[in-house]
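There are 2 protein chains.
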Amino acid sequence: MRRDIFQAIADPTRRAIITLIALQAMTPNAIAENFNTTRQSVSKHLRILTECQLVKQEQQGREIYYSLQLEKMKEIDKWLDQFRKIWEARFNQLDTVLSTIKKQKK
Amino acid sequence: MRRDIFQAIADPTRRAIITLIALQAMTPNAIAENFNTTRQSVSKHLRILTECQLVKQEQQGREIYYSLQLEKMKEIDKWLDQFRKIWEARFNQLDTVLSTIKKQKK
DNA sequence: TATAGACGCAACCATTCGGTTTCCCAATTT
DNA sequence: AAATTGGGAAACCGAATGGTTGCGTCTATA
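Protein sequences appear in the order of chains A and B. Just so it is clear: in the first sequence, position 80 is 80 by the UniProt record's numbering, and no numbers are missing. Just so it is clear: in the second sequence, position 75 is 75 by the UniProt record's numbering, and no numbers are missing.
No lab work stands behind these hints: they were computed from the structure. Do not rely on the hints blindly, as some may be mistaken.
Short derived list, chain B residues pointing at chain A, Cβ under 7 Å [claimed, not checked]:
#1 5
#2 7
#3 25
#4 80
Where is the CB? At the ideal position from N, CA and C, for every residue including glycine.
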């Protein structure tokens, strides 16, 4: 059972849940009300998100509040970094090319 | 058949392929040699990556070279932006807290 | 022109996934 | 204490996924 962030954010419902609880903790029922799906379905998604530490839970009486572990999101950012470096390098190359053309015009 | 970037990068083999062809275009056979998988399997992954425009192909004789469409990767970056904003805001809040503590110490 | 190599595509198969249903537990309410 | 409510866990099901095998096509080479 591979359970990593990339697989976690692959599902559109899970991405929506993440966005929803990014700012404030919410209960499974409250989350489910925002989509047309059942609590059980949301609960399953939350389990997957919890398993890869993208989400943390906090019991409050009989309610369980779920919130986003923002730190974990940085892992995606970190993975993107290798490509960011490439596209920045390309951009600089383009910049060089452009300034060369500029010089030639002069 | 949902076919978006997030679903595309969910598979670890596909992420590896992306990294592999980020810098230089490669043929399916060459890509397959880098993992212990078959050409057909790689071919299928490449099809998925092509379908969501993460990869482009270029025929050269009887070989087809695949390369990464870096631009498309920015969509992930763009999606991450909403969370980046939040964690930066939190960081600034922390900053405020810290400076308040500092002042109190004085 | 015949043969070999590089590929894509379709069919098939085992596994996984997302969702629903059902059941059970614990905390509130009455 | 009994009924209600929030929520997790397991069983089940249809759909999707990843991989393999086999076949057809096109290009290059002998």
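Each hint tested on the structure:
The interface hint given for residue 5 of chain B is broken, as the beta carbon of that residue sits about 10 Å from the closest beta carbon of chain A, more than 7 Å. Proximity of residue 7 of chain B to chain A holds as hinted, the smallest CB-CB distance being about 5 Å (cut-off 7 Å). Given hint, residue 25 of chain B at the interface with chain A, is violated; its Cβ is 13 Å from that chain's nearest Cβ, farther than 7 Å. For residue 80 of chain B, the interface hint holds, since its Cβ comes within 7 Å of a Cβ in chain A; the closest pair sits about 6 Å apart.
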